[in-house]
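Top line first, the protein sequences correspond to chains A and B. Residue numbers for the first sequence follow this note's numbering, beginning at 1 and rising by one. Residue numbers for the second sequence follow this note's numbering, beginning at 1001 and rising by one.
No lab work stands behind these hints: they were computed from the structure. Here the structure is a predicted model, which means the values were calculated and not measured. Keep in mind that the hints are not guaranteed to be accurate.
On the chain B side, residues computed to face chain A include the following (Cβ under 8 Å) [what the hints assert, rightly or not]:
id, residue
1, Pro1148
2, Leu1150
3, Pro1153
4, His1154
5, Gly1190
6, Val1193
7, Trp1195
8, Val1227
Beta carbons are placed, not taken as given, at the ideal position from N, Cα and C, and that holds for glycine.
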Amino acid sequence: MRPAAQRAAGRRADVSFRLLTAFCAVLVIVVMGAIFLELVDNSLLSIRTFGFGFLTSDAWNPGASEFGALSSIYGTLVSTGIAMLIAVPLGLVIAIFLVEVAHPTVSRLVGGAVELLAAIPSIIYGMWGLFVFAGVMQNHVQPALGDTLGFLPLFQGPPMGIGMLTAGIVLAIMVLPFVTAVTRDVLLMVPPVLKESAHGVGSTMWESVRNVSLRYGRRGIIGAVFLGFGRALGETMAVTFVIGNSHRISASLFAAGNTIASSLANEFNEASEPLYLSSLVQLALVLFAITLVFQSVAHVWVGRLQQMETGQR
Amino acid sequence: MRQAKTAVVGLTLVAAMLTCIAGAAIAAPTINGAGATFPEPIYALWMNKYYELTGVKINYQGIGSSGGIRQIEAGTVDFGGSDAPMRAAALVESGLIQFPMVVGGVVPIVNIEGIAPGELRLSPQALADMFAGEIVYWDNDAIRELNPELELPHQAVTVVHRAEGSGTTWIFTNYLDKVSPMWHEKFGTGKTVAWPVGVGAKGNPGVAAYVQRVAGSIGYVEYAYAVQNKLPHVSLRNAAGEFVQPTIESFQAAAANADWASAKGYYMVLTDQPGEETWPIVGATFILLHKKMENPRTARAMLKFFDWCYDHGSEMAVEKDYVPIPGNVVEMIQESWEKELRANGQQIWPLAAEK
């Protein structure tokens, strides 16, 4: 083949490669957009009926055609909050142990076990949560919390075993492997020379971890946190099993609640009236928006950090 | 050589697939239904037995009565199941026909340490007050007065209700609505109501699982679920003022009051019926069909199955503590099949019309 023809063929291949990749990338945006439009379209009836009040009302009474998203939004944020409060510190500590402290063999074993947690289907977490963990919560954890911290409204009420706190803890266990695995990979990418210099100037292990590894990897770690956050926000089956499924807002974490995802799982099949169905779709739209807002916050935050870092250099 | 091999394998596959398709076309149609979880134990038993005898496979998914109505209206299933009867006007509007399949009892179940099945006695008012959140502890005076010989703990009452639209809830709240003016005013009857307290669980099995799990809880399920899960039921005071246990006899006593002949569209509610032996929370469960069906073969196969259930299913029903539909009512039902059901414009019942 002549060189010119070869070049032309190469260019053609390049162009088609470019088009193909662009098409695949655009496909994601198109699907996202289509989902968004479909959600808006199907919730129009509910939006027209309730207006902004949908977001601020905690009434949920299908019999009387009254719908409000507040209890579901509250439950989604609180259960996710509990999960992150537990999973983020724990995940960071485990990742630090795996990378900086543990013997490589131990690190492989423990790391593998943590990753295995991620492979367990969520329905198994739900069943375990209801049949095993809820019993432990009811008989041991909740009475103990009630005795020691019962003066706080958060830990008052009868110990049922199921409820907001149990859902939060089960979510924490589900999110833990994501936070841990990503943080571990981030920490592994810290150049050894940096850590060695820290030790060289007399840093303790903790000082080197805090000032070098965590600082170097903080953008990646924030990414890990938001990855876990996103997963906790939308988790459905496990939460539905243990949260107690009630459309009420209670100060106590022992009480039953619900999340957007659990309401959809429970009620979507059975919603027979158009307004009921439309309200459920609007709930999904709200979840879509919440996820979008938090992802944007994460994006902006990571971007700011990057700017600061390059500014410093 | 390799190509030839691939071709052979390919041809064999195609042939196998064709045989499958042909086989499926010859085999009996699969019938799909969905709806109430209340009759699921007996439906499952019937369908299993029927499959053994005839090879006709009928699937039933217990997704709740509201779901059953929605799915049959949308045409995604061949028949729907619901415990909350549809009003005659609603039936006309959606082009459906409704008929009762079996009658069953709803029983309150409890999880209190040291209390055996049938030991705890409750009045209708106490039951309504508990589900309304007005009785908060098990050692409440109202409950203690009804049970002087029981030692009730100072434990919080956790109400377990259904999380989704449910015919069992409809029957249960219909009862509370009748017996308690407070309930009537605040909550009424519905497949879902605005529960003021408690936790929600999905389906009869879900309520049973939650009650089993949570100490100090009270829920309501179809009787078979209480028996299956060995959950203590309560003894209720009926309209005649007697404390009764849920048994097939007390369900039959309630069903004996049913006057099906004057019930338009078989709209029938059997809660709070008179009679000394009557269990007060009893209801029929219904099958919903489109009046105009498309596939005559499926339609016939379905009616054949329902007919078999009426004819041969009674013993199995009684075994599972459901009350069979009496013979004269079955005749009425089959008359309405004859009059109202059409597939492709053809009459499908009686089956002799097939030939």
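To see whether the hints hold, each was checked on the structure:
no.	hint	in the structure
1	Pro1148	25 Å, violated
2	Leu1150	20 Å, violated
3	Pro1153	12 Å, violated
4	His1154	11 Å, violated
5	Gly1190	4 Å, holds
6	Val1193	5 Å, holds
7	Trp1195	7 Å, holds
8	Val1227	20 Å, violated
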